[in-house]
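Using the hints, position chains G and R against chain F.
One-letter residues, chain by chain:
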Amino acid sequence: MSAVRSRGRTPSERLRVVVGIVLAAILAAVYLGLDPTEFFSHVRSWKVVREFFGAALAPTLTSESGSGYFLLPQIWEGLHATVVFAVAGMGLALVIGTVFGFLASSAWWEGELVDASSGWTDRAVRAIGPVVTGTVRVIIAFLRSIHELLWAMLFLSAFGISNAAAVLAIALPYGGVLAKIFSEMLDEAPRDAASLLRAAGGGSGTVLLVGLMPRALPDIATYSFYRFECALRSSAVLGFFGFPTLGYYISASFENLYYREVWSYLYALILLVGVVELWSGWLRRRQEFA
Amino acid sequence: MTRRDEGASPETRKGDETPRGEVAGIRAAASPADRAARVDALRRARPQRRFLRFSLFLLGALFAYAWASGAFTFVDLGTERAQRNLTRFLEEIRPYPLQGVPWDFSVYVTWFRDVILPHTGVALLATLALSVAAIFVAAFLGAALAPFAARTLATPSPYLSAGQAPRAATRLFWRGAVIVSRALFVFTRSVPEYVWAFLFLSTLGVGPWPAVLALATHNMGILGRLYAESIENSPGASSVHFRATGASRAQIYFASLLPGALGRYLLYFFYRWETCVREATVLGLLGFVSLGWFIQDARAGVRYDEMFHFILLGSVLIVFGDVVSGWVRKRIRQSV
Amino acid sequence: MTWDLSVRNASVRFGTTVALDGVDLAIKAGESVALVGPSGSGKTTLLRLLGAVLSPTAGSVRIDGTDVAQRSPRDLRALRSRIGTVPQDLRLVPELRVYQNVAAGRVGRRSFLGLTRDLLFPAQATLTEIHTLLDRVGIEEKLYHRVDQLSGGQRQRVAVARALYQEPELLLADEPVSSVDPARARDALELLCKVAAEHHLTFVTSLHHIDLAREFFPRLVGVRRGRIEFDVRSEDVDEGAIERLYSLEADELLEEGATR
Chain F
1 MSAVRSRGRT PSERLRVVVG IVLAAILAAV YLGLDPTEFF SHVRSWKVVR EFFGAALAPT
61 LTSESGSGYF LLPQIWEGLH ATVVFAVAGM GLALVIGTVF GFLASSAWWE GELVDASSGW
121 TDRAVRAIGP VVTGTVRVII AFLRSIHELL WAMLFLSAFG ISNAAAVLAI ALPYGGVLAK
181 IFSEMLDEAP RDAASLLRAA GGGSGTVLLV GLMPRALPDI ATYSFYRFEC ALRSSAVLGF
241 FGFPTLGYYI SASFENLYYR EVWSYLYALI LLVGVVELWS GWLRRRQEFA
Chain G
291 MTRRDEGASP ETRKGDETPR GEVAGIRAAA SPADRAARVD ALRRARPQRR FLRFSLFLLG
351 ALFAYAWASG AFTFVDLGTE RAQRNLTRFL EEIRPYPLQG VPWDFSVYVT WFRDVILPHT
411 GVALLATLAL SVAAIFVAAF LGAALAPFAA RTLATPSPYL SAGQAPRAAT RLFWRGAVIV
471 SRALFVFTRS VPEYVWAFLF LSTLGVGPWP AVLALATHNM GILGRLYAES IENSPGASSV
531 HFRATGASRA QIYFASLLPG ALGRYLLYFF YRWETCVREA TVLGLLGFVS LGWFIQDARA
591 GVRYDEMFHF ILLGSVLIVF GDVVSGWVRK RIRQSV
Chain R
627 MTWDLSVRNA SVRFGTTVAL DGVDLAIKAG ESVALVGPSG SGKTTLLRLL GAVLSPTAGS
687 VRIDGTDVAQ RSPRDLRALR SRIGTVPQDL RLVPELRVYQ NVAAGRVGRR SFLGLTRDLL
747 FPAQATLTEI HTLLDRVGIE EKLYHRVDQL SGGQRQRVAV ARALYQEPEL LLADEPVSSV
807 DPARARDALE LLCKVAAEHH LTFVTSLHHI DLAREFFPRL VGVRRGRIEF DVRSEDVDEG
867 AIERLYSLEA DELLEEGATR
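Chains as they are written, first to last, in this note's numbering: chain F, 1 to 290; chain G, 291 to 626; chain R, 627 to 886.
If we strip away everything but chain F, and leave its shape as in the complex, we get (with noise of 0.2 Å):
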């Protein structure tokens, strides 16, 4: 970390930064109790722990159980339900995401896109923008503030069991995520030919349609393909909650301490994801969003 203090720019901010972390490691380490020479005390059976990690180079694809039947038909079973989730999930975020995330930017209200001189639905625009963009923003804030497992539970404990309690679950959350970043790209991206569209007469809806929409989408498009990445692995978790996705047959083999059959779904999940990520990699190195 020397080489920081001599030839970062401004080394001492970061340096700064980098020793802030350091000592907040080590008091969390400290109110932790982690002690690295207790590192495995907790262990209760080495045996189970051999046993398991032992597992992850014989996955199986017939069952453990005494009746030993066949395991694909499952693993499909699981992916199939953790891609429905993560997909209908994911759909409901993005119109939640498109709709608060547009409310959430000022760009329908604020600078050259509001001409204040020019009627009274661009000044009433004007006058009710900050007020929406705020209010939204407090609800963003809310949806995301709450994890998919939480907003899971409580979908449950409030409707009792049913399956759209894990597409809502997952499509809070991710739409507050969603309308988060969008509402940050919109802002972000260059008004000028919204601006010149407005001197030739453009409405603020329209401008906004043409001039502003397009310049945000690649990046807009990019970041929602990474975070259908993370609602796949999101549904696959709430299988721990009951939900017939990929979580609910790892926790059940795990609890039979069927540990090849463990594996085996978690090395259909790593396919899945990674699959997803390289369709996603693919798509942005051949810069398809831009």
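Take these hints with a grain of salt, some might be off.
[To be verified] Covered stretches of chain G, going by a simulated chain F footprint (3 or more residues, C-beta under 8 Å):
no., segment
1, 462 to 472
2, 497 to 504
3, 568 to 579
4, 601 to 608
[Stated by the list, open to error] Going by beta-carbon spacing under 8 Å, a handful of chain R positions derived as facing chain G:
no., residue
5, Phe747
6, Gln750
7, Leu753
8, Thr754
9, His757
10, Thr758
11, Glu767
12, Leu769
13, His771
[As the list claims (entries may be wrong)] Below, a sample of chain G positions facing chain R; criterion: calculated Cβ distance under 8 Å:
no., residue
14, Pro322
15, Ala326
16, Leu332
17, Pro337
18, Arg384
Hint data in this document are derived by calculation from the structure and do not stem from the laboratory. Beta carbons are placed, not taken as given, at the ideal position from N, Cα and C, and that holds for glycine.
For chains G and R alone, coordinates are given in the frame of chain F:
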């Protein structure tokens, strides 16, 4: 893929001003039919983004399928039973002493002081400490492994191919290093934090180490990849210079690449720390005593009022994390 | 049919900076005029007045016989939709294709849905109309290209086509030669003057380059320090006037940043 075929080629960029009509063949006076045909021809020859189209189509189809598959239905939430459940739930998230009686703020304060507040410190501190320790471990491991995954650095002769050709064994070693470290990153980040936590806490026992390691494992995969990309995207000039003066690979990393990429490293660090705070709240559901543990405990005891308040507490913590991280990242960005 | 312009005793202040100071200018319908002068002299501000995007702090601007300040908001938008502008930085949407950028020119007269359709599923008639304009500016084969893949000169042509698609009565151009490389400056001006003549437009441009202005425009208006220095036929411009126009004073150098 035919997109950007003509426009991007250097000839057309050089040849700037296109000939006026003569070569293009059609003048304003051309018959409407000719013009329509020409427009049609141009449309057929337009640069297309087929892969993007295909992807959008596929996603649209997936979405339609997901809603049509019957795997879930929102009708569930409208049934009479669900509505009864909801009414009861809304009553039960009111603090216990206030259920069935008119709202009284002083009663609420007393209840909060007696029931929630005693656990607040432990819950919040444990969650926060877990997130900080985990992201630190993740960043440390990620930064340590990233040089092996960065294709610009993990080669037999980084930044300068001088002297005799490297031995086959050396070449093989570095190629292997890239593959292994990248595979490790993919492997660790594809499995969600919660699943790692479930596996670690169940096999290694409940304690701070398994919880920290679970969070750190997933984030190591993410940070390692991002860090490797930052190294690959670093401008090479100063590294070439270092290499020319005979610096070793490690010296290049620590003296040339790391200082340059530190700003990005820190930005990613805080960006992931935000998500660590989120995840740390729920890891408690698995038995480690963080916020989630109190949430789970309240839920198991059907004390929805407490559960609801601990969830809100977690939401406050996450907003706090976002604000801190946003503030630090802004400062880092300004100083980079 | 095209518009005449008149500016009467107009001043524009930004805070304490005086950008224009009591300017009088009358331009007949169908006339081509070049505003010349050093950068920071107030040319761009004057263009913005003529484009009805800026109101004078004092004085009046009449476009097509009516004071801009007297127009209703609806009327003002209708007016603006007939003023084609080719700004210095072009202000295209690089992510969109050429026909989409041109179609955006009619943003003032299209409904939200109509414009959406123009962008995504343009009617054959719209396309042929746009193609005709692209043909006129010499890049008809770029109809479907993305703007960020075009060269600087081609982009400027797209901006001209966009302005023409507005079916303008008045064409304004801000330093049209500064966005293309020097060798192409002549082409750019030739094109603008050609389309302005073909469409019988009132055409006003600001131009730093005095020689080009003399070559292409029958009438030159010299602007300096927010005032009109001379307003003459180009063959009558004498060297002394030009020298005075471009002689820099220390305080002007200081002002430059603020007025631009």
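Do the hints match the structure? See the list:
1. 462 to 472: The restraint on the segment 462 to 472 of chain G is violated, since only 0 of its residues have a Cβ under 8 Å from chain F and three are required.
2. 497 to 504: Contact hint for the segment 497 to 504 of chain G vs chain F: holds, 5 residues under 8 Å.
3. 568 to 579: Since 5 is at least three, the answer is holds.
4. 601 to 608: It holds: at least three residues are needed, and the segment 601 to 608 of chain G offers 5 whose Cβ sits within less than 8 Å of chain F.
5. Phe747: With Cβ-Cβ at 12 Å, over 8 Å, it is violated.
6. Gln750: At 6 Å from the nearest chain G Cβ, Gln750/R passes the 8 Å test, so the hint holds.
7. Leu753: Leu753/R check passes; min Cβ-Cβ to chain G is 5 Å, inside 8 Å.
8. Thr754: holds (5 Å)
9. His757: holds (5 Å)
10. Thr758: This hint holds: Thr758/R lies near chain G, its Cβ roughly 6 Å from the closest one there, short of 8 Å.
11. Glu767: Where the cut-off is 8 Å and the nearest Cβ of chain G is about 6 Å from Glu767/R, the hint holds.
12. Leu769: holds (5 Å)
13. His771: For His771/R, the interface hint holds, since the closest Cβ of chain G sits about 5 Å away, which is under 8 Å.
14. Pro322: holds (7 Å)
15. Ala326: holds (6 Å)
16. Leu332: OK, holds: Leu332/G within 8 Å of chain R, min 5 Å.
17. Pro337: With a minimum Cβ separation of about 7 Å from chain R (threshold 8 Å), the hint on Pro337/G holds.
18. Arg384: Violated, because the Cβ-Cβ distance from Arg384/G to chain R comes to roughly 45 Å (cut-off 8 Å).
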